[in-house]
Amino acid sequence: MAPNTQKTLERFAPWIVTVGILALWQASVVIFNIESFLLPSPLDVLAAFQQYRDSVLFHAWQTMVSTLIGFGLGIAVGVLLGICIGSSRLAYAGLYPVLIAFNSVPKVATVPILVLWLGIGQPTAVATAFLLCFFPIAVNVATGLATVEPELEDVLRSLGASKIDILRKVGLPRAMPYFFASLKVAITLAFVGAVIAETLAANSGIGYLMIQASSQFRVPLMFAGLAVIAAMGVVTYLVFALLEQRMTGWAVRRQNVDQTGGG
Amino acid sequence: MPTVSSSRPTQPEAVSGGAGPAAAGVPFVKLDGVSLSYGGAGGLKALNDTTMSIEKGRFVAVVGPSGCGKSSLMKLATGLLPATEGTVSVAGSEVKGPLKIVGMAFQNSTLLPWRPLLSNVMLPLEIVQPHRSRLRAHKKEYVEKARDLLETVGLAEFENRFPWMLSGGMQQRANLCRSLIHDPDLLMLDEPFGALDAFTREELWGVLQDVWMKRRFTCILVTHDLREAAYLADTIYVMSARPGTIIATHEVDLPRPRTVETTFEPKFVDIVHTIRSEIAQVRNEAKLSAEASKRQTQKGNS
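Chains as they are written, first to last, in this note's numbering: chain A, 93 to 355; chain B, 950 to 1251.
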């Protein structure tokens, strides 16, 4: 009985917290009589969203497309780079410091350069999304490859396995949990990248919409934009979290078994 | 000169067909004056002037104090490490790189957690030729083979389980199956039962002996458990402390199959005692010489 209520509570906790925050927000705006151009209430934001729905959805779609293309590129490059770094010590020694240096550059700073190369518009958003998201993927894949047990490698080598064999049969499957964990982080970063680029140099996308709304003091619309980005972020995160569960259940199942065993 | 024990039930050379030029008396694995130093000729010496010769189909155990280079010996014999001095040859030809057909099992079972047991056991078939190219077309035949093997070690009903659902002993049985699925001519075991409790260990000795008696591969077992060595091996090599070298060889001519009862027989106990005192002696000598050299350096410093 008691553990069951605990579980139900856990399941509804995110909704309760979200609704609670929104209610608190609404209440404080009403009670303190805050002007809607300073802080619009959730209901104002909803109204703005409904008023400009077509436009918001159009721009949201643009952002989504830019993010996903950049994210796709990030996966391709990140995985290849991760395999290089993770399976060759020479590549690790050569590439890793460069990657660290690259990653410590704030990506916003690269947007003006990208504009110079790619112009104003979607390609810049795609490139920024890509730049932000490939790094965690590469690092995680490399880490995953590095966790292969040396004994297992000996077993396979004494069977005549090539490096490629070991990578295919053991290294990559072993790296999968790390890869999927990085995807959850990377997709969020890709959103950040795309929106940053859109606010600086674009004719479409949520970032652009928000800059426009800001210049016209349509604060509720800006908040509607924020809400849409947040929603898209949560949904994509959930998609990859589910995918992770499906693909690499073996890595987390031990935990689940223990949990059911204990309770 | 050690004599070939009379208790071998069958002549393995006659059974195995065309695996190599292995007439009786010709060594299958041969180490000739082998030394191994980590980090070049001036580095840490793990093995010193070791000579062994193992006939095809023999079960050999290597025992010694910890850190004596037993595992290095294994890596040398399989070609995973090159010898600093001397030559290693297997099946009549010198070993220059990793051998391609050796079965290996370690203390850690290293099963792949994303594969069910059956597919774990079949992993070598995906790598070793000619099975590798035949696997897809003859899947059924190979699955049967893997199932048979799992049955011999008592894991028949667990073939669809994932390794982490099983106990350590079960995992180690599966590990044994994996190292045998491709019918290796040479099986290397590096303390395969080291992490198991005493009862499971003794049970698995029996399992391993059964499999070996059926298939008669050449087996090299590295262990620090003297009873394990005496139970399983035809020949026991005793190694000295680092840098390791072989200081004694014992033939165990107890009849097979041996059982846990065998381990209480006076002859068995004798062998274990003899080896134990040999190892105790080399450990003492190593300790004394270490202390002596320490004193010497202290004298030199003051």
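Note that these hints are calculated values from the structure, not bench results.
Among the hints, a few may not be true.
[To be verified] For lysine-lysine, the following BS3-like pairs were computed, each having C-alpha atoms within a straight-line distance of at most 27 angstroms:
1. K1088(B) / K261(A)
2. K1236(B) / K261(A)
3. K1094(B) / K261(A)
4. K1045(B) / K255(A)
5. K1094(B) / K1049(B)
6. K1049(B) / K1163(B)
7. K994(B) / K1236(B)
8. K99(A) / K261(A)
9. K255(A) / K1049(B)
10. K1045(B) / K261(A)
11. K261(A) / K1089(B)
12. K276(A) / K261(A)
13. K255(A) / K1088(B)
The hints, checked one at a time:
1. In summary, the hint linking K1088(B) to K261(A) is supported, as the alpha carbons are separated by about 18 angstroms, within the 27 angstroms threshold.
2. With a C-alpha separation of about 45 angstroms, the suggested pair K1236(B) and K261(A) falls outside the 27 angstroms cut-off, and the hint is violated.
3. Taking the CA atoms of K1094(B) and K261(A), the gap is near 21 angstroms; set against the 27 angstroms cutoff, the hint holds.
4. Note on K1045(B) and K255(A): the hinted pairing holds, with a Cα-Cα distance of about 18 angstroms set against a maximum of 27 angstroms.
5. Restraint check for K1094(B) and K1049(B): satisfied, since their Cα atoms lie roughly 20 angstroms apart, inside the 27 angstroms limit.
6. Of the pairs offered as hints, the one joining K1049(B) and K1163(B) holds, with about 23 angstroms between alpha carbons and a cut-off of 27 angstroms not exceeded.
7. Only pairs whose Cα atoms come within 27 angstroms are accepted, and K994(B) paired with K1236(B) is accepted, the gap being roughly 17 angstroms.
8. For the hint linking K99(A) to K261(A), the alpha-carbon distance of about 38 angstroms lies beyond 27 angstroms, and the restraint is violated.
9. Note on K255(A) and K1049(B): the hinted pairing holds, with a Cα-Cα distance of about 14 angstroms set against a maximum of 27 angstroms.
10. Annotation: proposed proximity of K1045(B) to K261(A) holds, straight-line Cα distance about 25 angstroms (limit 27 angstroms).
11. Straight-line distance between C-alpha atoms of K261(A) and K1089(B) comes to about 21 angstroms, which keeps the hinted pair within the 27 angstroms bound.
12. Distance hint between K276(A) and K261(A) is fulfilled; the C-alpha atoms sit about 25 angstroms from each other, no more than 27 angstroms.
13. Our distance criterion of 27 angstroms between C-alpha atoms is met by K255(A) and K1088(B), whose separation comes to about 25 angstroms.
In summary, the numbered hints that this structure violates are 2 and 8.
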